[in-house]
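Chemist: Top line first, the protein sequences correspond to chains S and P. The numbering of the first sequence is the UniProt record's numbering, which starts it at 1 and goes up by one. The numbering of the second sequence is the UniProt record's numbering, which starts it at 1 and goes up by one.
No lab work stands behind these hints, which were simulated from the structure alone. Where is the CB? At the ideal position from N, CA and C, for every residue including glycine. Heads up, none of these hints are tricks.
Covered, in the sense of this in silico footprint (three residues per stretch, anywhere, with C-beta under 8 Å from a C-beta of chain P), are these stretches of chain S:
| no. | region |
| --- | --- |
| 1 | 137 to 143 |
| 2 | 146 to 158 |
| 3 | 176 to 186 |
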Amino acid sequence: MLQVDREELGRWRALRRLVETADPPTRAAALRAAADRSRTVVIRTIRTAGMGHVGGDLSVIDILTCLYAAVLRVDPERAGWPDRDRFILSKGHCAAALYTTLAHSGFFPPAALSTFMAPLSPLNGHPDRNKVPGVETNTGPLGHGLPVGVGAAIAGRLAGSSRRVYVVLGDGELQEGSNWEAAMAAGHRDLDNLTAVVDRNRLQQGARTEATNRLEPLAGKWRSFGWQVSEVDGHDHLALLAAFAEPGAGRPRCVIANTVKGKGVSFMEDRVEWHHKVPSAEQAEAALLELAP
Amino acid sequence: MTGPLTGAVATGETFDCRVAFAEELCALARADERVVAVCNDSVGSSNLGGFAAEFPDRLINVGIAEQDMVGVAAGLAGGGFVPFVCGAAPFLTGRALEQIKADLAYSNVHAVLCGMSPGMAYGALGPTHHSIEDLAWLRAIAGLTVVVPADPVQTRGALRWALGHRGPVYLRIGRHKVPAVTPPGRDFLVGRADTLVEGDDVTIVAAGTLVSRAVEAAALLSGSGVRARVLNMATVKPLDEAALFAAATHTHGIVTAEEATVHGGLGAAVAEFVVQHAPVPMRLLGVPGVFAPTGDTDFLLEHFGLTARGIATAALGLADARRA
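Same shape as in the complex, but just chain P (with noise of 0.2 Å):
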């Protein structure tokens, strides 16, 4: 048997990603007349003030009209834009679906959809307001790349990247404050698992908001005598194939973490690839196939055991499983 989990939590600052994003889309904006806002009346929520002031004619505001919104995207790329589309991420995915499917995708446009405050990131608001479908959704379609960023660096990495991608691209903006994780000087790589923590025990995928609490965790599972890798799989699609294949062949199990539901999202795109390819035991952390309780976004991760602790305790299931 392992130890108990005795390692400490560090806390320390942390960002709203939106800041980060405003910043690197008005740099982009002057760098490049290609760039364009489209939103559907969020420009306070999508953080689109500064924006709006500085290119007041390149900010397209289409009112509350997601459809809309994305068709209108859509004719913008056809046009010689660059369409950056921001909006509440259950709305601008749930509602515009078949137009990012048949507009976006199908139509294989350079544009770049931005799901702010996704997740539940809206809390309290409730499960209309949270988009914790949105990756099993994005995921199923094909040729959208999905990315999900875990700081302020890879959201900034993540933009620049999609204005250079020529494709359509889903990218989740984060409202819930997280710390940095990206270590310095790494770039934003598509398609490339960032490994933050490195282990041989078992292996800890997550993306977003769940990966500053990975990193607690491996240190909580330090503490117990497992060494974790953890894995920060940002590019949900496509996935990191050979960090994952080095996990599930070196680890003894693959624990994945995400604020989404765990039917079709990140930890399902996982056992996907691990199922066929190197199957190993695995435990799958998200929102369990319920609408969330009322709560604030810190107590609904608490709920659902979306915590360092509660990642930390299904690894050391795994390690536990295989030592017995």
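The following block holds chain S by itself, in its conformation from the complex (with noise of 0.2 Å):
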């Protein structure tokens, strides 16, 4: 069973604090190191797997970091806290983001993350809550985490507590229906201790979302499902933070991120055929140095 590590929560503790307390700029600066090192580990997990989903990965990275360095209110030395803030990756095929994240938080530690998607290791190419500490349910086939997380809101209110739900979905994903069934339920019941971000970055596995099965007006279909929509650049973290921090109108909240896939680095961004390509030796090199000069 995976364990905390110790010098990664002290990280995140003094990261957590300092995003807290500190001016914009000397927040910004923080998160941008955080989410950037998070990209170096995500393409050093995905070379050393040989697998994995680069594209997705590097255009959510900037969300996550957002969320466990300023957002959640989950304890790594308690996962399973009832009153935590439930997060889910609906978008299950980015595990190595979330991860990563995961490690940075300190829920068990970065070394494990060599053994991804290793024969018998924890880290299995899609969550498992049964095996990694912070996973609150095993997603992979698309369209499952809003419904989900439309429960979690609903037991949290059902319990009397404050704790919120948020749920990152791919922007592809939305083309699944049990999204919108779910989405209807959550603007039904006006659930606004519930936070849909949506990672939209225009590609799925294929070709371009709009090319595919076209999602536009996407802001105002959230809005005709009774939900509270803000769109901000996904890459921006002061951006992102004030998308969470807005007051609530007693509705469910989307923030539309609009982010770049491959995000970070030159050769992959955009690129359709990075959503799951593996980087050569050489590419990682070349990623590697980009993200840290």
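Bring the two chains, given one by one in their own frames, into a single complex with the hints.
Modeler: Below, the structure is given as structure tokens:
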């Protein structure tokens, strides 16, 4: 079983304090450094595994960094704390990004990332709540996270708890109808303790979302289902934090985070083939050089 | 040769298991505030009216949206509640199969799926509304316990057990009226077959609506000089392997009877065990891989030979084959 990593936990707590107390430029710099560190670890993790979904990992990593460094009320030392905020990565194929973020929050040692997708590793290609502390539900098939998030939000309300629920969705997976069943239920119930974040990188496995099965007008869709919607640059940490901190309107919230698939590595950015292509040794070296020159 | 079938078929009071289900669920909810019901606009068909009146906040009706319903249940389970997910069995299992697999079973959460009106309970509404594939589908999913109560006593017992189980469960809650078959004072034990009739010639393994018919079949068979053992295999998964091993080694053949397709359900489960551990001749009774014609439930059960006489005839065939 994966155990808490004390060194990472201390580093994560210091980052949380800094983000909470520092002035905006310092805060932005700290989050940028944390996200770029995660980017390099994601590249190394996928390179070691020889498998993974690097494009989506790099588009979602800033969202995950912000949530874990500044938003989610979680405690890696008590991963099962009943009143914790619930975080669900509906786009479970970006497990490497989640695992990296969890490891950098102290949930388990980053060294475990070298076993990603290796035989008998707890770090399966899609997250498993029974093996990885911090994972709430086993995702992988698309369109599963939001219904579970709706249930978690109803549970929080029934329990009289102030805990919140955050679900990160891929944009391509919004083509799954189950999301809209859940969106309708959340809107109907005015689940103001639920936030959905759409990693809007505009690419899916085979092509652009808009060429495959059009999502736009996406904000309008969510609004029409009764959600409060904000659109931000999904790589601008302060903008993301501002969106998460927006005053509630008594409705579920959707943050459409406009992102770039493969963000941070020039030759991967906005390229459909980097959905799950694995970088060669030379490409990985070039990517790491770009991320940590 | 054995003699013709001459025994009488008993008749008596019959029960819609949804009544016992609703009463027991309310009793559990009174005693345990973790109990919530989740449904898909099925308050009426799941007989949840009483629950809704008594626990309005704890009935979560997501509307006609089965995938959402099962996902919501997983979220509730992760939030400290024990959801009893109630919907017509064909839609609950067929529409939300991947959610059952990933969100409940693979995630290993404590949730209880209550498939209402399973088998061919919806009769002439037709095969879209029949749930004869559910046992095959759900039996294939790791970690999921599958229970088919045969009468009101088993329905109550299975619900109580499921609340304490701390894992995912599928319960089939019958609507087609059945006689009481469980002897007084006998508790529901998961994974344990209930021997309702002793016998050493052949064994009838049945579940749900077919259990009372199997008991009647044993009476018919005794009139023909065949002593049939009847096992109520309410837990389709995990099977009572000890009872099956004893049946396969002490009797001379096994007939299985279920209100489900013979492809992958109870009979297939029994055959998988028997063929590997104690091969013995078998007959599998159920729906033989076809979509049912139009007709009410009794007509359809008769049509497919899922009657006391049909079971007895199959058992007689095994007994005769042995003696030939």
